[in-house]
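S.K.: Protein chains in written order, with my numbering: chain A, 1 to 300; chain B, 1 to 538.
A hint or two may mislead.
Taking lysine-lysine and the BS3-like style, the derived pairs with C-alpha atoms no more than 27 angstroms apart in a straight line are [claimed, not checked]:
1. A:K263 with B:K271
2. B:K208 with A:K263
3. A:K263 with B:K320
4. B:K208 with B:K112
5. B:K277 with A:K263
6. B:K272 with B:K388
7. B:K360 with B:K350
8. A:K263 with B:K388
9. B:K484 with B:K350
10. B:K125 with B:K165
For the record, the hints were derived by calculation from the structure and aren't laboratory data.
Note that the structure is a prediction, hence the values are computed from the model and not measured.
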Amino acid sequence: MATNIELTQPAPAADLAPRLSVLEEVVQFVRKKPLGAGGAFIILVMLGAAVFADALAPYDPYRADYGAQFARPSAEHWFGTDEFGRDVLSRILYGAQIALFVGFTASLAGCTIGGLLGMVSAYLGGTVDLLLERVMDVLLAFPQLILALAVASILGPAVQNVVIAVAIPIIPRAARVVRATALSVKENVYVEAVSALGASRRRVVLQHILPNVVAPWIIMVTAQLAGAILAEAALSYLGLGAAEPTPSWGLMLSGSASAYAEKAPWIGLFPGIAISLAVFGFNLFGDSLRDALDPKLRGR
Amino acid sequence: MRPLLRRQPFLASVLVIALTVGSLLAGAGLAPAAETPRRGGVLLAVIGADPPSLDAHQESTFANIELVAPLYSTLLQLDPYHYPKIIGDLATEWKIAPDGLTYTFKLHSGVKFHDGSPLTAADVKATYDKIIFPPQGVRSIRKNAYTAVTAIEAPDSSTVVFKLKFPSASLLANLASPWNVIYPKKYLDQDPNYFKTHVVGSGPFKLKGYTRGSTFEGERNPDYFVKDRPYLDGYKFYISPETSVRAAAIRSGRAWIEFRHLPTAEVEAIKKQLGDKITVQETPMTGQWGVAINNTVKPFTDVRVRKALTLGIDRYTMGKVLYSLTGLKNVGGLIRPDSEWGMAAAELEKLPGFWRDAEKSRAEAKHLLAEAGYPNGFKVVLKNRNVKLPYQDFAVFLIQEWRKIGIDVENRPLETAAWFNDGQNTGNFELIVAPTVEFMDDPDQFLGRYATGSTQNWGRFSDPQVDDLFSRQARTLDPVERKKLINQIEKIVLENAYSMPGLWWTRNLVHWTKVKNYVAPPNHYTNQKLQDVWLAEE
Chain A
1 MATNIELTQP APAADLAPRL SVLEEVVQFV RKKPLGAGGA FIILVMLGAA
51 VFADALAPYD PYRADYGAQF ARPSAEHWFG TDEFGRDVLS RILYGAQIAL
101 FVGFTASLAG CTIGGLLGMV SAYLGGTVDL LLERVMDVLL AFPQLILALA
151 VASILGPAVQ NVVIAVAIPI IPRAARVVRA TALSVKENVY VEAVSALGAS
201 RRRVVLQHIL PNVVAPWIIM VTAQLAGAIL AEAALSYLGL GAAEPTPSWG
251 LMLSGSASAY AEKAPWIGLF PGIAISLAVF GFNLFGDSLR DALDPKLRGR
Chain B
1 MRPLLRRQPF LASVLVIALT VGSLLAGAGL APAAETPRRG GVLLAVIGAD
51 PPSLDAHQES TFANIELVAP LYSTLLQLDP YHYPKIIGDL ATEWKIAPDG
101 LTYTFKLHSG VKFHDGSPLT AADVKATYDK IIFPPQGVRS IRKNAYTAVT
151 AIEAPDSSTV VFKLKFPSAS LLANLASPWN VIYPKKYLDQ DPNYFKTHVV
201 GSGPFKLKGY TRGSTFEGER NPDYFVKDRP YLDGYKFYIS PETSVRAAAI
251 RSGRAWIEFR HLPTAEVEAI KKQLGDKITV QETPMTGQWG VAINNTVKPF
301 TDVRVRKALT LGIDRYTMGK VLYSLTGLKN VGGLIRPDSE WGMAAAELEK
351 LPGFWRDAEK SRAEAKHLLA EAGYPNGFKV VLKNRNVKLP YQDFAVFLIQ
401 EWRKIGIDVE NRPLETAAWF NDGQNTGNFE LIVAPTVEFM DDPDQFLGRY
451 ATGSTQNWGR FSDPQVDDLF SRQARTLDPV ERKKLINQIE KIVLENAYSM
501 PGLWWTRNLV HWTKVKNYVA PPNHYTNQKL QDVWLAEE
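Only chain A is shown next, with the shape it has when bound in the complex (with noise of 0.2 angstroms):
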């Protein structure tokens, strides 16, 4: 008895990996990785301006001032003001809203679809799989932004409409790793044992495979954020995405700041930048996770 004790007795933790506080994981993180810290905060700070940008916003940013059009820079518009005497800032602010949720839905619904259809995939094969698969290639023989426009060109231009045109070039992209990865795990050893024991197919896929996939889902949904907000900037600057007077990052970038780039380059200076870091930041952000995660990268 004593010796199946000793057995079930599991070696002390401290032998194999420190068990951290969620504070030290992140101290650790950012002593590691301080690029991909420089990404989170980024991100933290994007997050943050638009969750908070009532109260932040100076300004309302639809709120024309027609006594101000064209205010440089200055104490009272931090940015200046566009060509209707509409600040700058605020509309960035706001403008984080859209470029967010849109690049979060888009990113989160593309990989969940395109996850699921890879799970899918992987465990049933055969003729479903082949199928599956073909779609999956007729969809990526487009480049991911022709896609994305002729989505939206057939649905119009809306913000809802940006979100179903980014989302759909993700999903057979995700849907190509998930399911890789999950064809991997399906030919382990204890994936046929516990078949071999009787569990069901539910109990194998959600209890031995999904937890297996979803730290490259994961780091899929971080990585496709950053082109979700690019694509939504670059629907919007080609008149596909959000419609004036909506504050959009690529509307502002495409109506205004061409034609009075001379005159007052602020108007397309500002938004320039808040699509430049964000797109940064989620980039660093998700290149360092996916180094984090991966147990064959870690520690290098």
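Dock chain B against chain A, hints included.
M.R.: Just chain B now, with coordinates in the frame of chain A:
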């Protein structure tokens, strides 16, 4: 008592504009006497689009007329120096019978088409038959302007006669339309759509070459019937849809004129760089940007709601704000203000939406909305064309104004074809941005769209009183009497807010100063023949 002009800032500004335009016209009209025209040189120009086809009878875009007008002659024309005076082109003289039912035109002798064949009355008849009574499968955009005409006759080779069923006040103006270019009969007999892809004209220039999306060129017609014209050896248009590309072409001297319009911001930059080498002719435009209200859908079946919409817009502020951004400037009703038929400002200011006191208008709008059962306003979609200038900027201003009276409006930009389809063909809209642009201030052209069942009546309303007044004004030859009827139509449409005019456009015609003798008319369709234009040596 204060001086009149200080009490009436609008009147003052109108006067200033009128004086400026007047002196500009007079100055330009005198210019040829002061300088001796020089022969030679090819005029380089830029244009923003390719024509859908080359047949001016079937098109209504500047992209057609600017390119082909120099290749053709018309029966009458608007005086290049004195808009809207009507003068002859092919016609040397004309007589209108006392009963107003017969118009007789005498044609220039010795006019030749570019293929060498003579131009006779038969060609004019064939052309107008095509315009007024188009054969099956042939589009004729301006057919409705000639409902009075019953027949065209060519009794001999130099006489053309138009027979009417009722006297028409606008016929002469419509015969001066730049779109009604004269085609040789023998080609029309072969195929009425021949001129969609071919050019055989009698104008001051002959077609030299056209490369779609790139260039359109004409060369001097040595056999042109006007002696010593044209001055130019030819003209060449570079085609680019990008405003910034066209502006850069002017700025760098690769092209010398943009006949339509360049945004003020670009014009400022060009002027700053080129100084005296550049001339900007700012002209009012026979075009108005407004909103069509769908009178058949709720809540716009209620006159109170429609009135609230128009009351909610402060047009005087809008004119100040949008002018520098888009060129939209003058407050007016359904006919261009300051034109022969336009309503006097004092009269206009009594109508809803045109009051000077914006706060009072807004209070009234809110009151009407509450009365109509919308004390908290409502949500509505404004369909629009996905063109930045002036469509999107116009919408931004409107939406901002409507927010102040509680109406929450979503702007929905559409592709040109979809926008046309929803507005004109199917009526699938609640509110839609709808411009009204014609080649001259002709009441038939501008007011026809408010008649029941007109294809241009995007708002789909019907008022028998308007219909009756419209057909009466079209037959009224006495201008004073006619103007009264026209003002009545304006009053009824505006008081019932069937349709909502916004602002009248102005344009910047930008050209190098070395391009001489071109007077910009108040639209970009007329005075495009270029026969009097010449280039000064540098």
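S.K.: None of the hints should be skipped; say for each whether it holds.
M.R.: Quick rundown of the hints versus the structure:
At roughly 14 angstroms between alpha-carbon atoms, A:K263 and B:K271 fall within 27 angstroms of each other, so this suggested pair holds. Taking the CA atoms of B:K208 and A:K263, the gap is near 40 angstroms; set against the 27 angstroms cutoff, the hint is violated. A hinted pair counts as satisfied when its Cα atoms are at most 27 angstroms apart, and A:K263 with B:K320 qualifies at roughly 19 angstroms. The suggested pairing of B:K208 with B:K112 holds, with an alpha-carbon distance near 18 angstroms, which does not exceed 27 angstroms.
Simply put, B:K277 and A:K263 have alpha-carbon atoms about 22 angstroms apart, close enough for the 27 angstroms limit, and the pair holds. A distance of roughly 24 angstroms separates the Cα atoms of B:K272 and B:K388; the hinted pair therefore holds under the 27 angstroms criterion. The hinted pair formed by B:K360 and B:K350 meets the criterion: a straight-line CA distance of about 13 angstroms does not exceed 27 angstroms. Our distance criterion of 27 angstroms between C-alpha atoms is met by A:K263 and B:K388, whose separation comes to about 18 angstroms.
With a CA separation close to 16 angstroms, the supplied pair B:K484 and B:K350 stays within the 27 angstroms bound. Restraint check: the Cα-Cα separation between B:K125 and B:K165 comes to about 18 angstroms, which is no more than 27 angstroms; the hinted pair holds.
Violated hints amount to a single one, hint 2; each of the other numbered hints is respected by the structure.
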